[in-house]
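Protein chains in written order, with this note's numbering: chain G, 1 to 186; chain Z, 1001 to 1442.
Keep in mind that the hints were calculated from the coordinates and are not lab data.
For each residue, glycine too, the CB sits at the ideal point set by N, CA and C.
Just to be clear, a hint being listed does not mean it is correct.
Stated by the list, open to error - Straight-line C-alpha distance at most 20 Å; calculated DMTMM-like pairs for lysine to aspartate or glutamate:
id, chain 1, residue 1, chain 2, residue 2
1, G, Lys48, Z, Glu1038
2, G, Lys182, Z, Asp1269
3, Z, Lys1422, Z, Asp1269
4, G, Lys107, Z, Asp1438
5, G, Lys10, Z, Asp1346
6, G, Lys107, Z, Asp1043
7, Z, Lys1278, Z, Asp1259
8, G, Lys40, Z, Asp1117
9, Z, Lys1418, Z, Asp1259
10, G, Lys48, Z, Asp1269
11, G, Lys48, G, Glu62
12, Z, Lys1390, Z, Asp1402
13, G, Lys107, G, Asp79
14, Z, Lys1251, G, Asp14
15, G, Lys170, Z, Asp1117
16, G, Lys10, Z, Glu1359
17, G, Lys182, G, Asp45
Said to hold, decoys possible - Computed Cβ-Cβ distance ranges for the label pairs, DEER-style:
id, chain 1, residue 1, chain 2, residue 2, range
18, Z, Arg1248, G, Ala25, 15 to 21 Å
19, Z, Leu1389, G, Glu176, 46 to 52 Å
20, Z, Leu1173, G, Leu124, 22 to 28 Å
21, Z, Phe1374, G, Glu63, 16 to 22 Å
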Amino acid sequence: MTIEKKSRRKFLKDGLWGTCLTCLAVVAGAFAFKKRDDEKVWQLDPNKCVACGNCATYCVLEESAVKCVHAYAMCGYCDLCTGFFEPEPRELDTGAENQLCPTGAIKRSFIEDPYYEYTIDEPLCIGCGKCVEGCVAFGNGSLFLQVRHDRCLNCNECSIAAACPSQAFKRVSADEPYLIKKAGHT
Amino acid sequence: MLRFGHISICIFISIVLCGVVFGAERFPPPDFDESGHELPSTDYITNITPRHTIYNYLDVAVLVAALSLSSWFVLKKRSRRSVFILMVFSLVYFGFWRKGCICPIGAIQNFSLSIFDHNYALSVTAILFLILPLIFTLFFGRTFCAGVCPLGAIQDLVVLRPIKVPSWLESSLRLFAYIYLAAAILFAATGSAFIICRYDLFISFFRLSGHLNMLILGCCFLVIGMFVARPYCRFICPYGVILRQLSRLSKWKVTITPDDCIKCKLCEDSCPFGAITKPTVEWPQIGYTKSRKLLALLILLLPVLIFLGGFGGSSLNRSWSRMHATVRLAERIYLENQGLLSETTDASSAFRATGEPIEDLYDQASVIRKQFKFGGWLLGSFIGLVAGLKLIIPSIRRQRTDFQADSASCLACGRCFKYCPKEQVRLKSLSEKQEIADDDKI
Chain G
1 MTIEKKSRRK FLKDGLWGTC LTCLAVVAGA FAFKKRDDEK VWQLDPNKCV
51 ACGNCATYCV LEESAVKCVH AYAMCGYCDL CTGFFEPEPR ELDTGAENQL
101 CPTGAIKRSF IEDPYYEYTI DEPLCIGCGK CVEGCVAFGN GSLFLQVRHD
151 RCLNCNECSI AAACPSQAFK RVSADEPYLI KKAGHT
Chain Z
1001 MLRFGHISIC IFISIVLCGV VFGAERFPPP DFDESGHELP STDYITNITP
1051 RHTIYNYLDV AVLVAALSLS SWFVLKKRSR RSVFILMVFS LVYFGFWRKG
1101 CICPIGAIQN FSLSIFDHNY ALSVTAILFL ILPLIFTLFF GRTFCAGVCP
1151 LGAIQDLVVL RPIKVPSWLE SSLRLFAYIY LAAAILFAAT GSAFIICRYD
1201 LFISFFRLSG HLNMLILGCC FLVIGMFVAR PYCRFICPYG VILRQLSRLS
1251 KWKVTITPDD CIKCKLCEDS CPFGAITKPT VEWPQIGYTK SRKLLALLIL
1301 LLPVLIFLGG FGGSSLNRSW SRMHATVRLA ERIYLENQGL LSETTDASSA
1351 FRATGEPIED LYDQASVIRK QFKFGGWLLG SFIGLVAGLK LIIPSIRRQR
1401 TDFQADSASC LACGRCFKYC PKEQVRLKSL SEKQEIADDD KI
């Protein structure tokens, strides 16, 4: 009696074991063949970005993986750059009290009258988006934020994405990991 | 005059807005005829590439190697020291080096999202990270927990003076892990949030930065973990509950003794996780009818619990659906439009700036809420089922004659091995053989 009982239990157990293994194999196989996809990475859509400043504070890294990029082809090279200067600057010079950037990461250099070029000193940029906000509001919107993939840890759930008010963060293919602003598009 | 001022402001604003909408550049880029200045390129950024895919496959290879080694150390070599070294390696590699991402626990969510969201396809690495430990568990038991999981490893290091948790308390607390698993699947499937990642207790240690609240909670768990060994693994880990059930079926199991159990009771208190089961005593004849009645009652209670759980889960859909950004936004916009809230948030003003119709947003939100209503039924009834089974299972008695490692709860850490006198004999005979071999060499 006991032997029979034991063997029945063993039979059921083995059956269940086989079923589980087959299920796992089928799931793995189905995914490997049908829904195979590239690795995904996080990126923010600059056209949806509202420059709220969450990128600087919500990233799990102490210094955010998001930094500013300048699309020079879109830039108006203004003397009064609203991405560089405080709303009402006392003077149009590189004095710290006139600058919008809290870390002074934007370099202003004279090109020709009346044009100035603005370049970003990336190690200083913290991704706060203050310059982006100014540039989008009153300028051409040539300054925008992007996730730097040498810094990004590619968390399973991006902390900035969870905090992004305009749902600008999305998973993009690792083969094309940047969403660069181009002239002629907003 | 005032009216003219208003009109001119309106015209100015509409010009600016048109500029924004049609993407016209307010200040046309100069062509620099005079100085011949060349525009710097923005393409440099595209050369900053993400981690190459090949490294993700390297992670998978390390996972397979670690799982194999862990299984070998526990089942064949029976060496706690080797498991410990492997565990520290895994903590360093998967924890501190890979910063805790990707991990099989979190991969549950990627899997559920990819089933329900057609736009999201799972990467090969994620599916392998999810499946491989499950397959290993089907063969060798929870060797993943023993030597591979970085979350387990960090807790295992702080086990100082473990106290015994009564089995009823252990079983009840474990219900939380089932709730966590169900909630994680629900939130991931609806695309709301990855709560396992968001509320990961130990990832702030791995990254050496993180939210203060999670850091404090993680510290609390490590302090608790000195006395209640591996609290996250036992009571919270959602992947652990899957591994539990699979390891019941595993082909090869961890045995305390390498030989026959001599019931010396030496191993009885050696397990910090309370996973060693004692031999059963004789069936109590007194109260037999009473316990049969109780069992019948509990079995009848099971459908009631399932229904109540489902009903409760579903009726909470409003609060649960707030985990989804769209629902939150829709509720906010609704309240603002009703005049109940005067201030706008970043999210609501960003939505208004897009100019999308509010009705669409409301529709999306109500669809998501319906998903939560249905998902709430499933989640609640699952929890009801688990709770009901937890009530029933103590009534089922099984005959055991030996001291055994309970295959579901055993984390395969190998602490109990050295307590077994038979194991000491085995080690001695091994070393004697070694000595003989050494003598032969000489």
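Contradicted hints - numbers only: 1, 2, 4, 5, 10, 11, 12, 16, 20, 21
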